[in-house]
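Each position in the sequence shown, counted from 1, maps to that position plus 37 in the numbering used here.
Quick caveat, the hints were computed from the structure, so don't treat them as lab data. Be a bit skeptical, because a hint or two may be false.
To be verified - The calculated label-pair distances, taken between Cβ atoms and stated as ranges, are:
id, residue 1, residue 2, range
1, Lys226, Glu189, 31 to 37 Å
2, Asp107, Ile192, 19 to 25 Å
3, Lys180, Ser204, 32 to 38 Å
It should be emphasised that the depicted structure is a prediction, and the values quoted were computed from it without experimental measurement. The beta carbon of each residue, even a glycine, is placed where N, CA and C say it ideally should be.
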Amino acid sequence: MDLPYITKYLIHNSQLQAGGHQGCITKQGNCLIKKISYKRELEFYLENKDLIDWIGLIPHFFNSFTLNNDTFISIENIIYRYSKPCVLDIKIGNKTWCDETEENRKKERIKLDTLTTQNILGFRFCGMTITQKDGYSFSINKKIHLEIHSREETIKILSLFIHQLGSQKDKIINYYIQQMEKIKNCIQKMKYHFFSSSLLFVYDAESYQCDCRLIDFSHYYNMSTHISKIDDGVIEGINTLSSLFTTI
Numbered sequence: 038m039d040l041p042y043i044t045k046y047l048i049h050n051s052q053l054q055a056g057g058h059q060g061c062i063t064k065q066g067n068c069l070i071k072k073i074s075y076k077r078e079l080e081f082y083l084e085n086k087d088l089i090d091w092i093g094l095i096p097h098f099f100n101s102f103t104l105n106n107d108t109f110i111s112i113e114n115i116i117y118r119y120s121k122p123c124v125l126d127i128k129i130g131n132k133t134w135c136d137e138t139e140e141n142r143k144k145e146r147i148k149l150d151t152l153t154t155q156n157i158l159g160f161r162f163c164g165m166t167i168t169q170k171d172g173y174s175f176s177i178n179k180k181i182h183l184e185i186h187s188r189e190e191t192i193k194i195l196s197l198f199i200h201q202l203g204s205q206k207d208k209i210i211n212y213y214i215q216q217m218e219k220i221k222n223c224i225q226k227m228k229y230h231f232f233s234s235s236l237l238f239v240y241d242a243e244s245y246q247c248d249c250r251l252i253d254f255s256h257y258y259n260m261s262t263h264i265s266k267i268d269d270g271v272i273e274g275i276n277t278l279s280s281l282f283t284t285i
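Please take these sequences and the hints and turn them into a complete structure.
Dropping the structure here:
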């Protein structure tokens, strides 16, 4: 693996961030309990929880509740039954800011989008955990995205994620590509824009069970009711990511 800087971001025996989601406070069986910072995430799940189109493409929504004036959602933990889970979080789209982003945060996000592959590829690396077949687990801190500036370096990171799949590699990559195509088609059909959402890629190093879902909807726009003036670059990002997976 020709990434000389990777050791700076290597975390040994780390605790796996459940399902890739930010802000999860606990796991309860097949559920993740997540405190939401933006009401729009709850709105997205309520708006789409009964739509067949999204089944298997986003985490299943169970319910929401309020505790001490904070709002929480209960959603599917897609790695619940994985014995040796491997998780890759990709921040999708060429912008992580939107119409409603506060000006000071907007400047920070524009700078980060420029310093990473967000602008040029339409996505960036946002964290990875690998559990090996012998049970050893390690993570790559998401801050490595400041070191990754090209397609070639991105391919090396993707290759690291699937390096232990052996004869199952092509099958799982093909599944990821099929899922991304379904997600892309659903986004276009629903006329949604997503800013700072992620694609979550997972597999079990023991059973080779795998999945790919779109997650994190704090900054989504339903273009039929709430028009955004900014293009999110998500479709282009998915197309580029799919093409890179085919080269591994």
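Each hint, compared with the structure:
1. Lys226 x Glu189: 31 to 37 Å: holds, 34 Å
2. Asp107 x Ile192: 19 to 25 Å: The hinted range 19 to 25 Å is violated for Asp107 and Ile192, with Cβ atoms some 41 Å apart.
3. Lys180 x Ser204: 32 to 38 Å: For Lys180 and Ser204 the Cβ distance comes to about 34 Å; the hint holds.
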